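There are 2 protein chains.
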Amino acid sequence: MNINAEIEKLDWTREPKGLYEPIGYTLAAGGKRIRPRLALLGALAVGGKEQDVLPAALALEVFHNFTLLHDDVMDKAQVRRGRPTVHIKWNENTAILSGDQMMIEAYKLLSGVQADKLPKVLCLFNKMATEICEGQQYDVDFEQRNDVTLAEYMEMIRLKTSVLLATALQIGAYIGGGSEQQQHALYDYGINIGLAFQIQDDLLDCFGDPQTFGKAIGGDIREGKKTFMWLTARNIAGDTWTTDNKDVPTVLQEYEHLGVRKAAEEQIAALTQKALHSLELLHANQYTQELQSLAHQLSARTK
Amino acid sequence: MNINAEIEKLDWTREPKGLYEPIGYTLAAGGKRIRPRLALLGALAVGGKEQDVLPAALALEVFHNFTLLHDDVMDKAQVRRGRPTVHIKWNENTAILSGDQMMIEAYKLLSGVQADKLPKVLCLFNKMATEICEGQQYDVDFEQRNDVTLAEYMEMIRLKTSVLLATALQIGAYIGGGSEQQQHALYDYGINIGLAFQIQDDLLDCFGDPQTFGKAIGGDIREGKKTFMWLTARNIAGDTWTTDNKDVPTVLQEYEHLGVRKAAEEQIAALTQKALHSLELLHANQYTQELQSLAHQLSARTK
Numbered sequence: 001m002n003i004n005a006e007i008e009k010l011d012w013t014r015e016p017k018g019l020y021e022p023i024g025y026t027l028a029a030g031g032k033r034i035r036p037r038l039a040l041l042g043a044l045a046v047g048g049k050e051q052d053v054l055p056a057a058l059a060l061e062v063f064h065n066f067t068l069l070h071d072d073v074m075d076k077a078q079v080r081r082g083r084p085t086v087h088i089k090w091n092e093n094t095a096i097l098s099g100d101q102m103m104i105e106a107y108k109l110l111s112g113v114q115a116d117k118l119p120k121v122l123c124l125f126n127k128m129a130t131e132i133c134e135g136q137q138y139d140v141d142f143e144q145r146n147d148v149t150l151a152e153y154m155e156m157i158r159l160k161t162s163v164l165l166a167t168a169l170q171i172g173a174y175i176g177g178g179s180e181q182q183q184h185a186l187y188d189y190g191i192n193i194g195l196a197f198q199i200q201d202d203l204l205d206c207f208g209d210p211q212t213f214g215k216a217i218g219g220d221i222r223e224g225k226k227t228f229m230w231l232t233a234r235n236i237a238g239d240t241w242t243t244d245n246k247d248v249p250t251v252l253q254e255y256e257h258l259g260v261r262k263a264a265e266e267q268i269a270a271l272t273q274k275a276l277h278s279l280e281l282l283h284a285n286q287y288t289q290e291l292q293s294l295a296h297q298l299s300a301r302t303k
Numbered sequence: 001m002n003i004n005a006e007i008e009k010l011d012w013t014r015e016p017k018g019l020y021e022p023i024g025y026t027l028a029a030g031g032k033r034i035r036p037r038l039a040l041l042g043a044l045a046v047g048g049k050e051q052d053v054l055p056a057a058l059a060l061e062v063f064h065n066f067t068l069l070h071d072d073v074m075d076k077a078q079v080r081r082g083r084p085t086v087h088i089k090w091n092e093n094t095a096i097l098s099g100d101q102m103m104i105e106a107y108k109l110l111s112g113v114q115a116d117k118l119p120k121v122l123c124l125f126n127k128m129a130t131e132i133c134e135g136q137q138y139d140v141d142f143e144q145r146n147d148v149t150l151a152e153y154m155e156m157i158r159l160k161t162s163v164l165l166a167t168a169l170q171i172g173a174y175i176g177g178g179s180e181q182q183q184h185a186l187y188d189y190g191i192n193i194g195l196a197f198q199i200q201d202d203l204l205d206c207f208g209d210p211q212t213f214g215k216a217i218g219g220d221i222r223e224g225k226k227t228f229m230w231l232t233a234r235n236i237a238g239d240t241w242t243t244d245n246k247d248v249p250t251v252l253q254e255y256e257h258l259g260v261r262k263a264a265e266e267q268i269a270a271l272t273q274k275a276l277h278s279l280e281l282l283h284a285n286q287y288t289q290e291l292q293s294l295a296h297q298l299s300a301r302t303k
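Keeping their order, the protein sequence lines are chains A and B. Just so we're aligned: 245 in the numbering used here is position 245 of the first sequence, and the numbers increase by one with no gaps anywhere. Just so we're aligned: 138 in the numbering used here is position 138 of the second sequence, and the numbers increase by one with no gaps anywhere.
These are computed hints drawn from the structure, not numbers from a lab. All values derive from a computational prediction rather than experimental measurement. Glycine is no exception: its CB is placed at the ideal position from the N, C-alpha and C atoms. Some clues are possibly wrong.
For lysine to aspartate or glutamate, the following EDC-like pairs were computed, each having C-alpha atoms within a straight-line distance of at most 16 Å [stated by the list, open to error]:
hint: 1; chain 1: B; residue 1: 303; chain 2: B; residue 2: 143
hint: 2; chain 1: A; residue 1: 225; chain 2: A; residue 2: 139
hint: 3; chain 1: A; residue 1: 120; chain 2: B; residue 2: 8
hint: 4; chain 1: B; residue 1: 76; chain 2: B; residue 2: 223
hint: 5; chain 1: A; residue 1: 117; chain 2: B; residue 2: 256
hint: 6; chain 1: B; residue 1: 225; chain 2: B; residue 2: 141
hint: 7; chain 1: A; residue 1: 274; chain 2: A; residue 2: 188
hint: 8; chain 1: B; residue 1: 76; chain 2: A; residue 2: 92
hint: 9; chain 1: B; residue 1: 89; chain 2: B; residue 2: 21
hint: 10; chain 1: B; residue 1: 246; chain 2: B; residue 2: 266
hint: 11; chain 1: A; residue 1: 215; chain 2: A; residue 2: 201
hint: 12; chain 1: A; residue 1: 17; chain 2: B; residue 2: 139
hint: 13; chain 1: B; residue 1: 246; chain 2: B; residue 2: 223
hint: 14; chain 1: A; residue 1: 76; chain 2: A; residue 2: 223
hint: 15; chain 1: A; residue 1: 120; chain 2: A; residue 2: 201
hint: 16; chain 1: B; residue 1: 262; chain 2: B; residue 2: 223
hint: 17; chain 1: A; residue 1: 76; chain 2: B; residue 2: 92
hint: 18; chain 1: B; residue 1: 117; chain 2: B; residue 2: 52
hint: 19; chain 1: A; residue 1: 225; chain 2: A; residue 2: 244
hint: 20; chain 1: B; residue 1: 76; chain 2: B; residue 2: 92
hint: 21; chain 1: A; residue 1: 17; chain 2: B; residue 2: 92
hint: 22; chain 1: A; residue 1: 76; chain 2: A; residue 2: 52
hint: 23; chain 1: A; residue 1: 17; chain 2: B; residue 2: 131
hint: 24; chain 1: B; residue 1: 225; chain 2: B; residue 2: 209
hint: 25; chain 1: B; residue 1: 32; chain 2: B; residue 2: 8
hint: 26; chain 1: B; residue 1: 17; chain 2: A; residue 2: 131
hint: 27; chain 1: B; residue 1: 225; chain 2: B; residue 2: 201
hint: 28; chain 1: A; residue 1: 117; chain 2: A; residue 2: 131
hint: 29; chain 1: B; residue 1: 225; chain 2: B; residue 2: 116
hint: 30; chain 1: A; residue 1: 127; chain 2: B; residue 2: 15
hint: 31; chain 1: A; residue 1: 225; chain 2: A; residue 2: 147
hint: 32; chain 1: B; residue 1: 117; chain 2: A; residue 2: 15
hint: 33; chain 1: B; residue 1: 17; chain 2: A; residue 2: 141
hint: 34; chain 1: B; residue 1: 127; chain 2: A; residue 2: 15
hint: 35; chain 1: B; residue 1: 225; chain 2: B; residue 2: 143
hint: 36; chain 1: B; residue 1: 120; chain 2: A; residue 2: 116
hint: 37; chain 1: B; residue 1: 17; chain 2: A; residue 2: 139
Coverage of chain A stretches by chain B, computed from C-beta distances (three or more under 8 Å per stretch; other residues unrestricted) [said to hold, decoys possible]:
hint: 38; stretch: 1-13
hint: 39; stretch: 44-56
hint: 40; stretch: 144-151
Please put together the full structure from these sequences, using the hints given.
Dropping the structure here:
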């Protein structure tokens with residue numbers, strides 16, 4: 001199934017235009033559509049039908065894009081996927097209200113799930129939505145704190161990034177008729193590829209190839225963000241370690257010498273292995289193979 | 001059933017506090033709890049049980065309060081029910097994110113509806129939520145337009161105010177086992193008391209008793225708002241009529257002389273009659289009587 005074509009079928013030409021145009025604009029920006037693809041793969045991997053999962057798959061993608069829209073307002077981000085963000089192109093009130101409507105549209109799509117599966121799907125979706133908001137709040141809280149631990153950081157990225165991937169897979173598997181064990185195996189796979197993805201993100205920000213990475217190296221360092229790299233450096237070097245008054249090349253050298261780069265690479269490899277182990281609980285087929293490849297791709301990506 | 005006691009049972013002491021405290025703060029502000037009461041009355045009026053409707057009734061109240069929270073951000077309102085608004089007491093980002101979570105909490109409460117009734121209730125709820133956002137957008141759009149008609153205004157207040165009251169009643173009646181005809185009669189009742197309520201609001205802003213009204217008379221006039229009063233005056237006096245450069249007493253005199261005050265009172269009476277007619281389609285009982293009284297009370301209120 002071509003998920004992009006399905007997303008394009010959604011109609012945003014309705015009135016009032018001020019409400020719906022920003023939703024169409026946000027969804028037209030593209031992206032990898034990884035969440036709806038995972039929902040479809042979750043169903044296929046357990047022998048279910050893509051078509052049954054489509055409403056939930058679309059709901060997950062619309063919800064994800066809603067979170068980006070409101071996050072951009074809160075972060076005062078100017079650009080998203082190479083285009084002005086909604087609150088820049090329109091205004092902040094439009095971004096708030098169209099974002100609200102976008103969340104409602106996600107629930108409208110979700111209501112298309114077959115009636116006997118709807119109660120559990122709604123519960124899984126609500127739990128995920130809650131955890132994403134909690135993750136976002138922890139992310140905000142951490143900016144004000146100097147005593148964030150690596151464990152707290154891992155929990156934050158689990159909530160903010162991983163649960164959406166994991167829930168997409170679980171909902172797909174549930175609608176596709178998978179067993180509880182299969183659902184949980186796919187959920188766990190999603191959690192671990194999500195964590196690996198985020199740490200890879202933190203690593204690339206430091207040691208990516210500026211040519212392929214697409215943005216300047218060291219952005220997290222300049223912003224003083226408490227990433228996996230920063231928190232691991234402090235764990236190794238002690239509580240007094242800091243990046244204050246250090247330029248990017250100096251910090252990168254310290255990350256190299258302290259073994260932070262190596263620790264990140266090892267963590268990504270370990271999380272990828274955990275994800276692959278979860279897949280072994282399923283009957284192997286072309287779709288579990290696709291999920292295997294995806295785990296490898298994500299951990300080997302350079303942008 | 002004591003709906004306030006049920007709302008107080010909801011626990012907002014969870015972590016992260018920055019996400020949940022503003023939700024508890026918003027819900028603790030009180031208000032008339034009219035929407036959950038209407039949901040319960042909708043069920044009782046058709047012979048259903050209050051207890052079955054409770055999850056949906058709470059969802060409606062939480063959703064309503066979510067709309068107030070985000071509306072206050074968009075309107076830059078400083079005070080709500082005598083207390084600082086969330087974006088003043090905390091900050092704007094907190095108001096956005098806690099508001100988002102509040103909408104999710106509404107859907108979590110809704111997922112407590114019995115499974116066989118959930119698909120339709122979710123659809124009714126989603127339709128209502130969409131219409132409220134559309135009404136809010138029209139309200140914003142109308143501020144930039146000089147050619148808004150009375151019919152457009154009535155449609156805007158139907159979306160922004162009435163559908164939530166109407167849907168509360170319909171969901172109550174549906175869960176309570178009412179027929180399609182009963183559900184629609186209660187929905188129509190809700191639409192008409194909502195419209196009457198809003199026009200009464202516009203009227204009181206001009207001709208209320210400053211002692212009982214609780215705020216200064218003529219606020220809408222000073223802000224140049226296109227209310228029922230303003231639009232009716234222009235309908236009677238012609239397109240060149242305006243409130244520009246007129247003080248509040250002058251405009252009030254014009255409203256009186258043009259017959260705008262009388263037109264508003266007649267419209268409120270007519271809408272109240274329509275609401276009462278809808279109730280006649282139901283078997284009379286103590287709960288339909290309560291709804292009758294409510295229609296009379298709302299149209300006779302002085303604050």
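Outcome of the hint check:
1. B/303 with B/143: 25 Å, violated
2. A/225 with A/139: Within the cut-off at roughly 10 Å; holds.
3. A/120 with B/8: 27 Å, violated
4. B/76 with B/223: 14 Å, holds
5. A/117 with B/256: 59 Å, violated
6. B/225 with B/141: Judged against 16 Å, a Cα distance of about 12 Å means the pair holds.
7. A/274 with A/188: Satisfied, since the Cα-Cα distance of roughly 8 Å is no more than 16 Å.
8. B/76 with A/92: Given that 16 Å is the threshold and the Cα spacing comes to 12 Å, the pair holds.
9. B/89 with B/21: 11 Å, holds
10. B/246 with B/266: Violated - the C-alpha atoms of residue 266 of chain B and residue 246 of chain B are around 26 Å apart, more than 16 Å.
11. A/215 with A/201: 12 Å, holds
12. A/17 with B/139: 13 Å, holds
13. B/246 with B/223: Holds - the C-alpha atoms of residue 223 of chain B and residue 246 of chain B are around 12 Å apart, at most 16 Å.
14. A/76 with A/223: 14 Å, holds
15. A/120 with A/201: 33 Å, violated
16. B/262 with B/223: With a Cα-Cα distance of about 23 Å, the restraint between residue 262 of chain B and residue 223 of chain B is violated, given a limit of 16 Å.
17. A/76 with B/92: 12 Å, holds
18. B/117 with B/52: OK: residue 117 of chain B and residue 52 of chain B at ~10 Å, within 16 Å.
19. A/225 with A/244: 11 Å, holds
20. B/76 with B/92: The given pair, whose Cα atoms are some 10 Å apart, holds under the 16 Å limit.
21. A/17 with B/92: It is violated: about 25 Å lies between the C-alpha atoms, which goes past 16 Å.
22. A/76 with A/52: 38 Å, violated
23. A/17 with B/131: Within the cut-off at roughly 14 Å; holds.
24. B/225 with B/209: Violated, because 20 Å separates the two Cα atoms, which is more than 16 Å.
25. B/32 with B/8: 14 Å, holds
26. B/17 with A/131: 14 Å, holds
27. B/225 with B/201: Distance ~13 Å between residue 225 of chain B and residue 201 of chain B Cα, so the pair holds.
28. A/117 with A/131: The given pair, whose Cα atoms are some 22 Å apart, is violated under the 16 Å limit.
29. B/225 with B/116: 45 Å, violated
30. A/127 with B/15: The given pair, whose Cα atoms are some 15 Å apart, holds under the 16 Å limit.
31. A/225 with A/147: It holds: about 13 Å lies between the C-alpha atoms, which stays within 16 Å.
32. B/117 with A/15: 30 Å, violated
33. B/17 with A/141: Distance ~10 Å between residue 17 of chain B and residue 141 of chain A Cα, so the pair holds.
34. B/127 with A/15: Within the cut-off at roughly 15 Å; holds.
35. B/225 with B/143: Cα-Cα ~8 Å, so holds.
36. B/120 with A/116: 12 Å, holds
37. B/17 with A/139: 13 Å, holds
38. 1-13: With 0 residues closer than 8 Å to chain B, the stretch 1-13 of chain A misses the three-residue bar; violated.
39. 44-56: Check failed, 0 qualifying residues.
40. 144-151: Three-residue rule not met by the stretch 144-151 of chain A, so violated; n is 0.
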